[in-house]
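A.B. asks: The primary structure of each chain is shown beneath.
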Amino acid sequence: MGTYSRVIELRGHIIDSLTFPKVLDEILDHGADYETEEISIGRTRRDASRARIRVTAPSEEVLDRVLAHVRRLGAEAIEEGDAAVLPAPADGVFPEGFYATTNLPTRVRIEGRWLDVEDLCMDSAIRVRGGSDRPRCVKMYEVRAGDPIVVGYEGVRVEPQRKAPLERGLFEFMSSTASPEKSKERIIRDIAGEMRETKRSGAGKILWVLGPAVVHTGARESFCRILDAGYVDVVFAGNGLAAHDIEASLYGTSLGVSITGGKPVPRGHEHHLRAINAVRAAGGIGRAVEAGLLKDGIMYRLERKGIPYVLSGSVRDDGPLPEVITDSVKAQARMRELFRGVSMAVMVATMLHSIAAGNLLPAAVRTVCVDISTEMVTKLADRGTHQSLGLVTDAEPFLRELAARLRE
Amino acid sequence: MRRVLMCPPDHFGVEYEINPWMSRGRRVDRAKAERQWRDLYDLLGDKLGLSISLLRPRKGLPDLVFTANAGLVHGDAFLPSNFRYMERRGEEPVFRQWFEKEGYRIRPLPPDLFFEGEGDVLRVGDRLFAGYRFRSDIRSHEWISKMLGLPVLSLELVDDRFYHLDTCFCPLSDDAAAYYPPAFDLYGRRVIDEGIRRKVLPPTDDALRFACNAVVADRKAVIPAGCGTFRKLLEGLGYEVWETELSEFIKAGGAAKCLTLFLD
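So the sequence lines, in the order shown, correspond to chains A and B.
Numbers given in my numbering equal positions in the first sequence, counted from 1, plus 1.
Numbers given in my numbering equal positions in the second sequence, counted from 1, plus 554.
By construction, these hints were calculated from the structure, which means they are not laboratory data.
Note that the structure is predicted; figures quoted are calculated from it, not measured.
Don't be surprised by glycine CBs; every beta carbon is placed ideally from N, CA and C.
The reader is advised that the hints may include incorrect statements.
From the derived model, a few chain A residues whose C-beta atoms are all more than 10 Å from chain B [claimed, not checked]:
#	residue
1	22
2	35
3	65
4	69
5	75
6	110
7	141
8	334
9	343
Derived coverage of chain B by chain A (criterion: at least 3 residues anywhere in the stretch with Cβ under 8 Å from a Cβ of chain A; other residues may be distant) [claimed, not checked]:
#	stretch
10	610–619
11	703–715
Next up, chain B with everything else stripped away, as it sits in the complex (with noise of 0.2 Å):
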């Protein structure tokens, strides 16, 4: 049973802008946002069968329900995130502390390296693929794959609305991803034309709706709402597929899996 890290978004909102899906203007509802949430736990921990641990929500860090951008977990090593923006960087202790109460071997990055966790770095059989330019610095690239010995592939990202690998790429197994080309550029789109033997091609307006931020497990995914088609897509490939509704979050820029952290 896979185990993921999730935080309760008592205290979301949006209440700074640093992507541009976020606009103070567009209030998130509360009320809404906790619905979603617990819709999102009952599907992962339901359906996927996921065993889900639960990080202590922190007043003044609304974007800590974004666990995926805690760091990156690989065996009983974790690799703490350093945040590009200031607005993120106080979730970093949080995040350090609770992984060392766990148990894990804290093992940081250059403090001068920007790098996102697992926004920016997804794991597709025996290798990392990972995004870099708006968040993550490709130079944190090469430690990771020392640190990991696992090779790393850079993608550079070219959307800002795709600010994070994870919001445009989403591993399925180990020899398939789903991912949504116009987000990278060409090199990049060839590495994982080339690496990735079995690719699933959102259109633009489910992409848009955060098809790839999807939790995937075990031949079964929950994905937002309202992305019909990259459904049937996953679905043709034998995938069991279930749309869970996460408006509230999309107004900060994230969906699933962003709200999710994979713990191995």
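Extracted from the complex, chain A is given alone in its bound form (with noise of 0.2 Å):
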């Protein structure tokens, strides 16, 4: 959790003064905290003793009224430095030391001056290369040897999430909350009229992060009226969502079992087998779609409208199809690259990918997880994703909800 700190430094008599206990009451009185990171206590009474602190505060607010109180007591804010930087020792080798991101907001001091670090990803390294490449989030497996690679933590800021007025409301009220027993249909009015903002204001994309219980619970209708109505911008998925889906447009049926029956259809089991293996045969997706195979559903809406999406392959998946990522590494840096942009994320069902998404989010992107277990909703809460709203319920009523409210 980051938060608001500054190094403080306290000379002179400080322990026979008490100014040195006088000053950690103070930082603790004006509800903030401190660290104390060296102090050298004089040898003798006549030597003067020297103390850095830390202080941290919840907010800049705070972190400013304490610094100028233990101004007054002679504590001074020590100027940072400039982050330490080494270069990578090798291709996909973070240097000793590195500094392991949070997805917070954070800064970081290059010759005197701070710069905000992009494409903010959690666990990962800041890259410092200088010129017109600005300081950014790099993943183990990015980094080449010799790139510049910030060490250590000074010189780097983390800013605690700062809540616009758009970010206030449905999020803050229910800030990492999944509850089965609160009034689902209100928060799924809350929940559109986000959605509705976030189209009207331009404040960034909607990414869908979906699993395949969406398709077998029935609910694939509902999420193509989503789609149809312009609130679909990203869509991050498996071979399963999109192996059923398309299952369903040319049988019907999901994992076999008729969607509009409820019954499984004989031979049903081999249904999505099936249909694999024809988009295989058209060459793919899109080649399916351009043949007019498939002429229906998520991943046909998904090529008729260009939206980008990401399906990332499992150990699991049968075919799988063709625009199926399966080198992880791969899916994972295509998966950052959709990011950009991206303001609001809704993730249905899927624990797989919900958390490989949750994890990539910079703190900043307000999310929804909807799940029907509670553990799953509690856990992507609990991933440091800030902004999270959490919504323990069965897909299809979600989205037939959703697609109701968002046509009003």
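Take the two lone chains, each set in its own frame, and fit them into one complex as the hints suggest.
C.D. replies: See the structure below:
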């Protein structure tokens, strides 16, 4: 959890004068906290002492107030130095002591200037090539030998999530709560409101992360309505969602169960394999749409509307469909590319892809996580995805209600 | 024989307001002020046996009489004050010239650190007690400590009527001092309590009559008039005490000690 922090220094006969405990008391009295980073106590009564104290505060206002108060007591804020940088020793290897990022807004001090770190992503390092290349988060696999990587904590500032007016309301109210008891109708209405506001204000893109249950539970039509209404800008999913969506288009079943009738159909369990095979034969989902083989459903619409999507592979995949990226490092890199400009993410019925996306998303992205399992929803809310709203419900009623609300 | 510096009140008056005692509405009786200053001068010379040097008063510098604020003298070093208020900064070159002429080594503090001399720094034994907040900046304490090689204990002043340390704290000997606790915060009181063996606490009435703004030398004390309880407390400790009327100077927020700077 990031906070506002500064290092202050106190010098003089601060022990005998009780200035040191007084400064610490002041820090606590104002709602901030401290950590004594270094203290050297005079050897004799004549010698002065020196203390470096890191002050951390929940907001910039509190920090400023504390600094103003302790300054009166002689404590001076230390001008932080530049971030230390070391070259990556080899491709795919960070230098020892690299700064591990969070998903919170981060700045680094380079040549005396504080620069925003781009492509925010937790569990990465910060590369500072200089020149026109802004400091950015890089994953381990992205780093090349010799890339300048930030090491240590000096010259790096992490700022807690700032809540812009748009980000208040629903997400503040619901922050990280996954409750099966809450009135879902109201929450879904609010989510619809947020989505409309996101589109209306041009604040950013809406990302959807979808699991195959969207199709199994019969929510496919509802999601298609949301797609048609223009509330889908990017989709992340796996082989399963695409395969079952295409199965539904070609056979009217999902995992062999009739979507309309709800009953297993004879030899239905083969449908998804036959669907995958047909698409592979056509040369891919895009080709299948062009060839008129695929005429309906989610994948059809994504292709037709040119909405970017990433299908990332997993070990258990059948086929897989040609569009599935089976190299997970490549899939991750493509996901990170498509994150740019995303300001809201809706994750429905997928643990695998939701956690993957959650780990890659900057904290500023407002996240809605919908799953039938409370555990899953809580898990995502606890992964540092700060502006997250959890909703424990089946995918179908959620998407049906949301589609209806979005049409209002 | 200890030496002190004083400045006759030829141009003394309350011409601006930089502490709660000052009010331009309450006029200083110049003749009375001169009489009171002369009485103090006589007591310090005759009774306390101090050797008094005089600084020539200057027109337009009404507070030059308060020589305690010239700076701090330690051996042959003079640490000139950096006054907080513009109104008093004109005194800085006058004091400085006098000390230069007398052969002191002038050792200025960084100019951005407010420091008001013996008004805020007083020695007890081998330690300096230093006030801050209303006038001096606490960061000046570290400089003083480094320059003089003495520990400096910082005391925050919390009542603006006691805006200088010498209005609420008075060294009596190497291990004794008088002080008025409410002028300090709890940390400061503890520092004094633990740092000084024998303490004399004047009652509020006396403290407000500037009891602590006394000149003490060799178990003799000159204190402002009307501080009867404080007088008895000092006498109980074996001090010889003289009270003297300083009402005209109290109108400007100073009394006996403010009018006196120790030169050794």
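A.B. asks: Now look at each hint and say whether the structure bears it out.
C.D. replies: Checked hints:
{"no.": "1", "hint": "22", "verdict": "violated (7 Å)"}
{"no.": "2", "hint": "35", "verdict": "holds (17 Å)"}
{"no.": "3", "hint": "65", "verdict": "holds (19 Å)"}
{"no.": "4", "hint": "69", "verdict": "holds (14 Å)"}
{"no.": "5", "hint": "75", "verdict": "violated (4 Å)"}
{"no.": "6", "hint": "110", "verdict": "holds (25 Å)"}
{"no.": "7", "hint": "141", "verdict": "holds (46 Å)"}
{"no.": "8", "hint": "334", "verdict": "holds (52 Å)"}
{"no.": "9", "hint": "343", "verdict": "holds (49 Å)"}
{"no.": "10", "hint": "610–619", "verdict": "violated (count 0)"}
{"no.": "11", "hint": "703–715", "verdict": "holds (count 8)"}
Comparing the model with each earlier hint shows violations of hints 1, 5, 10; every other hint is respected.
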